[in-house]
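The primary structure of each chain is shown beneath.
Protein chains: 2
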Amino acid sequence: MIECMKKRRTIRQYTEQDVPEELLCELLEVASRASNTGNMQLYSVVVTRDPERKAQLAPAHFNQPMVTSAPVVLTFCADANRFVKWAEQRKAKAGFDNLQMFMAATIDAMLFAEAFAEAAEEKGLGLCYLGTTAYNADQIIKILSLPKLVVPIITITLGYPAEPLPEQSERLPLAAIMHQETYTDYTPASIDQFYQEKEELAVNQEFVRINQKETLAQVFTDLRYTKANNEHFSEVLLQVLKDQGFLK
Amino acid sequence: MIECMKKRRTIRQYTEQDVPEELLCELLEVASRASNTGNMQLYSVVVTRDPERKAQLAPAHFNQPMVTSAPVVLTFCADANRFVKWAEQRKAKAGFDNLQMFMAATIDAMLFAEAFAEAAEEKGLGLCYLGTTAYNADQIIKILSLPKLVVPIITITLGYPAEPLPEQSERLPLAAIMHQETYTDYTPASIDQFYQEKEELAVNQEFVRINQKETLAQVFTDLRYTKANNEHFSEVLLQVLKDQGFLK
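So the protein lines, in turn, are chains A and B.
So in the numbering used here, the last one in the first sequence is 254, and the numbering has no gaps at all.
So in the numbering used here, the last one in the second sequence is 254, and the numbering has no gaps at all.
Just so you know, the hints here were simulated from the structure itself, not pulled from any lab data.
Treat each hint with caution, since some may be false.
Since copy identity is lost for identical chains, a pair holds within one copy or between any two.
[Unchecked claim] Straight line, CA to CA, 30 angstroms or less: simulated DSSO-like cross-link-like pairs of lysine-lysine:
| # | residue 1 | residue 2 |
| --- | --- | --- |
| 1 | Lys204 | Lys97 |
| 2 | Lys12 | Lys233 |
| 3 | Lys219 | Lys99 |
| 4 | Lys13 | Lys148 |
| 5 | Lys233 | Lys248 |
| 6 | Lys219 | Lys154 |
| 7 | Lys233 | Lys99 |
| 8 | Lys129 | Lys13 |
| 9 | Lys148 | Lys233 |
| 10 | Lys154 | Lys254 |
| 11 | Lys12 | Lys129 |
| 12 | Lys60 | Lys148 |
| 13 | Lys233 | Lys254 |
| 14 | Lys204 | Lys12 |
| 15 | Lys204 | Lys154 |
Let's have the full structure, built from the sequences with the hints guiding it.
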C-alpha cells in the first residue's frame, strides 16, 4: 500500500470503464472502518452516476470537466442529521447544532473520504478531489437535497485512469511541514530553502510565464486563490453553516 | 492494505518499543503524497516525544492516558502561515485570513492525517485519534507555540500495539451512510433498522446499564457529548478562529 501511496497522482481523465457498484460498496464499507468521533459516524456520502445530475453539479464545481466525464462522483458530507434523528427517536436530546459538532462531523467526513481514496487507489482506480465543494455548498445542498445538519465538504471524481498517466506533482520537503516538539516559525532563510525546489521546477516556471506573473506565489494569490474570492466564498460558507443549523 | 483496513481498530495501549525517527519520517513523507488544496499543503504536524511536553498536553486532552503513555504524539494543524509567509516574501498578497481558507487547511490537514494513519497501520503501528484537539485548541496553541493562521485540528497518539488487541468496534451498515443520487432522509423505520445492530450489541447494552440510562443515544447526549459542553467548546473554537486570524 505504501508503494502505491508513493506513486500516487491525481487522475483527471478516465477510461470508458464503469466502476462496478459492488466494488464501490466494498470500498466505502472498508473506508467506514476509519476512526470517527465517538463512533457516531457523523458523515454521509452521496453517489452520483446519473449524467443529468452530474451536469447539474458541474457549475458548482466551476465546470471542471471531471464532474461530467468521471463515471462516479462522490460528495462527502459532514452529517449530524442521522445521529440527531436517532437521538430524538430514543428519548435523547442532542445539542449538535453548533460549530464544534460541525468540526467533528467535518473531521469524520474527511477521514472517511481519505480512507476511501487510499482503498480505491489500491484497487487501481484513479480519483480527483474537488475542493470547490465547500465553495458552492449552497448549490450542492439544493441539487442533492441535503437536509439541515448536513453540509457537503469535499467531492471525489472516480474512475479508471486513462493513459498516459499525468506527472506526479511535487511536494515540499518533509522538514517544511514537520515540527519537533514545538512549532518553529519560518524565517526568510527557511522559506527560501523550503520553496526552492518548487520554484525551480520547469513546470512551475512555465506556469509563472504563461500567467505573466513575476513569482509563483503571485499565480496563487492573484489568480487561483484571490482574496476577493476567498472572502466571498467565506461569506457563502458562513451563511451555509447558519442555514444548515450549525451556527446561530 | 485493504485487508489491513478491514481489521483496523483503535489502539490505546502501547508496548515499550519506541517508534524510530526514520520510520516516522518515512510515513509522514508518504502521507504528504495525499491530495491537498492546489498543492499548497496548508498543514503542519508537530511531533511530541518529550515526556514533559506530553504531560503539558495531557490536560488539553482531558488526561486521556494515551497522551503520556504513547511514545509519540502527533498534532495535525491547519496551517496557512507558511504559505502566507512565502507569499509575502515573493511580492504576493495572500488573502488567506478567512473561514474558507481555514476550511481548505482543515481538509488538507485531515487528508494528510488519515493518509499517515493508513501508512502507519500498514507498518504494524497502532494509533488513536483524539478529537479533543479542536475542543482545547487554545491550550494546545500555547503549549506548542502555534503562530497565527495555525490551528490544531486533531491529534494522533502512536506506538506499537500492546497485547491483547482490543475488540473491533461496530459500524453502521453501509446503507445508513450511503445515498444514491440524492440524500434520502431518514424515517423512523430506517433509523430503527440502521441502529438495531448497534443497540443490540452486548457491549453497548452494558454501556447503557452502567450509565443508568434508558437508551444508548442518551449515553451520548447526556454524558459524552452534552449540549452544554458542545456549546461551550464551540465558543472556545470561535474565539480560537478569531485569535488565530481566520475569522473577523
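Notebook entry, point to check: At most 30 angstroms between C-alpha atoms: does Lys219 with Lys99 qualify within a copy, between copies, both, or neither?
Noted result: This pair counts as between: shortest inter-copy Cα distance 13 angstroms, intra-copy 55 angstroms.
Check: How would you label the pair Lys204, Lys154 (within, between, both, or neither) given a Cα cut-off of 30 angstroms?
Finding: Between copies only: 24 angstroms across, 42 angstroms inside.
Check: For the identical chains here, do Lys148 and Lys233 meet the 30 angstroms Cα criterion within one copy, between copies, both, or neither?
Finding: Classified as both; 27 angstroms inside a copy, 28 angstroms across copies.
Next item on the list: Evaluate Lys12 and Lys129 at a C-alpha cut-off of 30 angstroms and name the case that applies: within, between, both or neither.
Entry: both (15 angstroms within a copy, 14 angstroms between copies)
Next item on the list: Have a look at Lys12 and Lys233 and pick one of within, between, both or neither, based on CA distance no larger than 30 angstroms.
Entry: neither (33 angstroms within a copy, 43 angstroms between copies)
Check: Using 30 angstroms as the alpha-carbon threshold, which applies to Lys204 and Lys12: within, between, both, or neither?
Finding: Within. Shortest intra-copy distance 18 angstroms satisfies the 30 angstroms Cα cut-off; inter-copy 37 angstroms does not.
Checklist line | Intra/inter-copy verdict for Lys233 and Lys254 if alpha-carbon distance must be at most 30 angstroms | finding: both (26 angstroms within a copy, 14 angstroms between copies)
Notebook entry, point to check: For the identical chains here, do Lys233 and Lys248 meet the 30 angstroms Cα criterion within one copy, between copies, both, or neither?
Noted result: both (23 angstroms within a copy, 17 angstroms between copies)
Checklist line | Lys233 and Lys99: within-copy, between-copy, both or neither at 30 angstroms Cα | finding: The answer is between: 8 angstroms across copies meets 30 angstroms, while 41 angstroms in one copy does not.
Margin query: For Lys154 and Lys254, with the copy left unspecified, which applies at a CA distance of at most 30 angstroms: within, between, both, or neither?
Written below: both (13 angstroms within a copy, 25 angstroms between copies)
Item checked: Same-copy or cross-copy closeness of Lys60 to Lys148 [CA-CA at most 30 angstroms] -> For Lys60 and Lys148, the Cα distance is within 30 angstroms only inside one copy (13 angstroms; across copies 45 angstroms).
Check: What label fits Lys129 with Lys13 when the C-alpha limit is 30 angstroms: within, between, both, or neither?
Finding: Both ways: Lys129 and Lys13 sit 14 angstroms apart in one copy and 17 angstroms across, limit 30 angstroms.
Of the numbered hints listed earlier, those contradicted by the structure are 2, 4.
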